[in-house]
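Peer 1: This is what each chain is made of:
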Amino acid sequence: MTVGTDWATAWVRGTIDTVSEHRAELISLDREIGDADHGENLDRGFQAVATKLDTLTPETPADVLKMVASTLISTVGGASGPLLGTAYLKAAGSIAGKTELGSADIVALLTAARDGVVLRGKAEPGDKTMIDAWTPAVEAAAAAEAAGADVPAVLSAAADAAEKGAADTEPLVARKGRASYLGERAIGHRDPGAQSSSLILREAAIAAGEK
Amino acid sequence: MTVGTDWATAWVRGTIDTVSEHRAELISLDREIGDADHGENLDRGFQAVATKLDTLTPETPADVLKMVASTLISTVGGASGPLLGTAYLKAAGSIAGKTELGSADIVALLTAARDGVVLRGKAEPGDKTMIDAWTPAVEAAAAAEAAGADVPAVLSAAADAAEKGAADTEPLVARKGRASYLGERAIGHRDPGAQSSSLILREAAIAAGEK
Amino acid sequence: MKKLINDPKNVVDESVAGFALAHADLVTLSTEPLFIARSDAPVSGKVGLVSGGGSGHEPLHAGFVGFGMLDAAVPGPVFTSPTPDPIIAATQAVDGGSGVLHIVKNYTGDVLNFETAADLAEAEGITVRTVIVDDDVAVKDSLYTAGRRGVAGTVLVEKIAGAAAERGDSLDEVATVAEKVVAQVRSMGVALTPSVVPHAGEPSFTLADDEIEIGIGIHGEPGRAKISLEPADQIVDRLLEPILEDLPFESGDDVLLFVNGMGGTPQIELYILYRRAAEVLAERGITVTRSLVGNYVTALEMQGASLTVLKLDDELTTLWDAPVQTAALRWGR
Amino acid sequence: MKKLINDPKNVVDESVAGFALAHADLVTLSTEPLFIARSDAPVSGKVGLVSGGGSGHEPLHAGFVGFGMLDAAVPGPVFTSPTPDPIIAATQAVDGGSGVLHIVKNYTGDVLNFETAADLAEAEGITVRTVIVDDDVAVKDSLYTAGRRGVAGTVLVEKIAGAAAERGDSLDEVATVAEKVVAQVRSMGVALTPSVVPHAGEPSFTLADDEIEIGIGIHGEPGRAKISLEPADQIVDRLLEPILEDLPFESGDDVLLFVNGMGGTPQIELYILYRRAAEVLAERGITVTRSLVGNYVTALEMQGASLTVLKLDDELTTLWDAPVQTAALRWGR
Ligand SMILES: Nc1ncnc2c1ncn2[C@@H]1O[C@H](COP(=O)(O)OP(=O)(O)O)[C@@H](O)[C@H]1O
Ligand SMILES: Nc1ncnc2c1ncn2[C@@H]1O[C@H](COP(=O)(O)OP(=O)(O)O)[C@@H](O)[C@H]1O
Ligand SMILES: [Mg+2]
Ligand SMILES: [Mg+2]
Ligand SMILES: [Mg+2]
Ligand SMILES: [Mg+2]
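Protein chains in written order, with my numbering: chain W, 294 to 504; chain V, 294 to 504; chain X, 62 to 394; chain D, 62 to 394.
These are computed hints drawn from the structure, not numbers from a lab. The beta-carbon is built from N, C-alpha and C at its ideal position, and this holds for glycine as well. Among these hints, one or two may not hold up.
[What the hints assert, rightly or not] Here are the simulated EDC-like pairs of lysine to aspartate or glutamate, each with C-alpha atoms no more than 20 Å apart in a straight line:
id	chain 1	residue 1	chain 2	residue 2
1	D	63	X	294
2	D	63	X	270
3	X	63	D	271
4	V	359	V	408
5	X	287	X	272
6	X	372	X	302
7	D	287	W	325
8	X	70	X	93
9	X	63	D	294
10	W	359	W	299
11	D	70	W	318
12	X	241	X	382
[As the list claims (entries may be wrong)] Negatives, chain W to chain D, calculated, CB over 12 Å:
id	residue
13	297
14	299
15	306
16	344
17	348
18	351
19	352
20	359
21	395
22	405
23	443
24	446
25	461
Build the full structure now, drawing on both the sequences and the hints.
Peer 2: Following this line, the structure appears as structure tokens:
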């Protein structure tokens, strides 16, 4: 079983909705250890994506992800705009030209996205950033694919790991982003970027038909 | 029975104490319909009077009142500084040179004080100002004197009338001073300047030995 | 009450001392009695300009002492007029032989203390003229009140009269220009939150979470009405209407539009007000040829703002544009 | 939340529009994408200076656009870095052929978005150099954080680099001067109350009635510690100590002392802080030769202040004194 352009479009539509639904929650996570705008930033970005999506006639999944990349870069601002934008851009690059994606392609896509975030943001696992959602997701996806899982299962494994990774940021001290100014005071709060990344990855799984 | 320099000194000492005791109350009356400084203004002035009083060797009651006048003018500021300062100045003028004051002198003194306030502030009775304490006080003092009252009784009558006059400012709309900006909203609040003037006049009676 | 102060009793003295230190190139400080004067005062032959009033309205007045504006500022205690002594001393210090103009905001305390000071200064041989600023249209029925209050328009009077004095106008001429500004300037303000006088320690009035006070004075004196919070554009319309009606300002007029912050309002909001005010004036055919936006006449940390409109002509425009060099207003040198 | 705004979504657009109307003599507005440029941009042959960042810090940055300072300012949403698009457009608009300097406050979002913009502008053939301002000594252990934040010192970088560009320095020379200022400037702040981001509608942090936050950032990011309210002089000592130790500033140094209000603090309090800061510096043999006091780098309506000390030499002093003509800083013309 493979997924194609429809999956990519469904993933993005699901993301638009989930970001809008969780806007207030993400703002309030960011209020605790940041500057109370993460939900606003992402929602602004994905609303712009929604507008663009209506006029886009994509031929490949990469077309969809490239549009998301450039729209997020152009509309989000803040730290998360260039970081997530780069994630989508690199993800698109990893599947350039393909119309159907199998499990290995999905692992490549997730890996490229994560590497893009690291390239721009230089964060390491445990720094209490969105990387703490992406890295476990990439690892779980790779493990699932190696064990022969199909695309929905690979994406489910990634989303589960991202969710756990986001929750696991709670006891951490931050070493990147605004939360790093807080020192010990960041302990006990979930990183908003890790949380939003886990929401995004869950939509990828749902779009692939995870049960 | 007459009163002299000791009376004037005792009056001023009593006033210093009563203003200090009622500082917060006068501030809070002024907060309601003014700018929350009347108690602070008068206390600053009478504390300065206290310092001067210790070094003064007055020969007449007028000497005491003149010192109070110039000290209040120099230290109080606001509306009440020049108004009360003028009151004391004119009061001193009305008894210039005298060492002993009888009932008629007291009436002259109070009248001159009130006229001084009117001269500077142009307020009429019922404008919700300190005049509403001074004018009834002057009238009551004159009536008592005409009926043959001695100095303590004249001053008691003045103080009683001033107290009533201050209380009677409560239902009024103000037409002078800051409270005039409030229109109807001044209704229900006592005028701080009328209140402080009634406190001052009570001290005059106490200093004369009112029972 | 949270404030960046030491003993509340020393707020004015310490702040004025800091001001004089920070602007030692512009001003000199007299501590006994307390006033701030231009460092080159008295300027021989020039009319001296003295203003003052209660503290808590900074940068008014000390922030406007310097070339082309005030010669001296006399700060009273917070929200309380200064006494005559420092006013007299300041008047003497800046008299360059051509007389002194007192610019006084219309509050009973200010008027009475400046009046006493002017009498005594005249007795010392200094010619004094007084201009009373009363630009606040929020006060209706001025016959039955202490009269309109002097608010943000005061800055415009001080700037323009200061320029007239600097170019060599006589005392009468400077007073005439100042009176012309007073005649042509109107203001009205709004408060979102009260201010807290340091020695009082409590807010001077209260407003509910969704309430604002229209027509507020710069000491937190209540205004025309408490109303529910509205969009900024509606608030501007509410403030501007009585201002424009009052003079009245008419189609074809050139004006200076001044949006003044009360101290606690962020600048981002002041420009939102400016945008709407400019729009309304344009709709009415009134041309904004000069503008001023910022915290110039404040009420401590009050959140709120006032709008001021001054009708301009060539003379006032030229004087407004003339060089000024003070801590809070500076251009042309 | 009480604010003088219309729809929270339009706060930045409406405010910037008002700004451009009020200062049409100094700046021009681009709305799509949003930036403010000097009205005479591009100035042929002059290095262009572009800065920007989240809104809510006004007058930073738009208030510093004009002769002798910035060529363009790019306002992002409140407390959120702008995206690369308007930064690229502003960079193109002000390139006078001698390259463009980006002055960026050190926050992950600002750095990343300006970096992307610089890459793309370079691809368009414009030479771009970037200076990162990170003057906030409140952030310790910068190895384990996103590094020190750029706060009030940014104004000094913009003024001095702007003067260097105006006198005709090359891009490398302007960048070198800007980096010298960054190397020699240190800041630290305190908050008494939080600010409320319009779209969030709630305070970004909470402080009890007797609590203050030492080492606060200009977005309300928490600082070093919450402590009980203290007298202003003690707070100054607490802020100044880490600043002076860090460079370190030493006896014999000439400095510029800058007391910056966070937006909601009355000026009367800023000068109380100035007084004590000047006193401490004098005690240590450090000479304050230049000063700046006011709301220049704010955090909306936050009550609080920051202290900034810049070590001066002849070059920096000359550049500081050079003429500047912007909405918020103006002298010499
Ligand atoms: N250097 C970095 N690398 C990876 N992620 C980062 C980095 N810095 C910040 N982030 C992520 O960005 C999130 C904050 O995004 P957002 O609130 O939109 O931007 P800002 O911090 O500029 O307000 C953080 O929760 C964190 O997950
Ligand atoms: N024109 C006036 N005539 C008489 N009394 C006045 C006048 N104006 C004000 N007052 C009195 O002054 C009092 C206020 O004094 P104070 O608070 O010390 O001064 P300010 O109003 O300048 O703050 C008022 O309560 C009123 O009694
Ligand atoms: Mg954020
Ligand atoms: Mg009062
Ligand atoms: Mg007062
Ligand atoms: Mg942000």
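Peer 1: The structure should be examined with respect to each hint, and the outcome stated for every one.
Peer 2: Against the structure, the hints come out as follows:
1. D:63 x X:294: 14 Å, holds
2. D:63 x X:270: Roughly 7 Å separates the two Cα atoms, so the pair holds.
3. X:63 x D:271: 7 Å, holds
4. V:359 x V:408: Distance ~16 Å between residue 359 of chain V and residue 408 of chain V Cα, so the pair holds.
5. X:287 x X:272: 6 Å, holds
6. X:372 x X:302: 15 Å, holds
7. D:287 x W:325: Given that 20 Å is the threshold and the Cα spacing comes to 15 Å, the pair holds.
8. X:70 x X:93: Given that 20 Å is the threshold and the Cα spacing comes to 16 Å, the pair holds.
9. X:63 x D:294: Distance of about 14 Å is within 20 Å: holds.
10. W:359 x W:299: 15 Å, holds
11. D:70 x W:318: Given pair residue 70 of chain D, residue 318 of chain W holds - Cα atoms ~18 Å apart, limit 20 Å.
12. X:241 x X:382: 17 Å, holds
13. 297: Residue 297 of chain W is indeed farther than 12 Å from all Cβ atoms of chain D, at 30 Å.
14. 299: Holds, since 29 Å exceeds 12 Å.
15. 306: 23 Å, holds
16. 344: At roughly 15 Å from the nearest Cβ of chain D, residue 344 of chain W sits farther out than 12 Å, so the non-interface label holds.
17. 348: 18 Å, holds
18. 351: 22 Å, holds
19. 352: The claim stands: residue 352 of chain W keeps its Cβ more than 12 Å from every Cβ of chain D (closest is about 26 Å).
20. 359: Holds, since 15 Å exceeds 12 Å.
21. 395: Label holds. Min Cβ-Cβ 32 Å, cutoff 12 Å.
22. 405: Consistent with the label, residue 405 of chain W stays out of reach of chain D, its closest Cβ about 18 Å off (over 12 Å).
23. 443: Label holds. Min Cβ-Cβ 36 Å, cutoff 12 Å.
24. 446: Per Cβ check, residue 446 of chain W is outside 12 Å of chain D; nearest 34 Å; holds.
25. 461: Its Cβ never comes within 12 Å of chain D, the nearest being 19 Å, so this holds.
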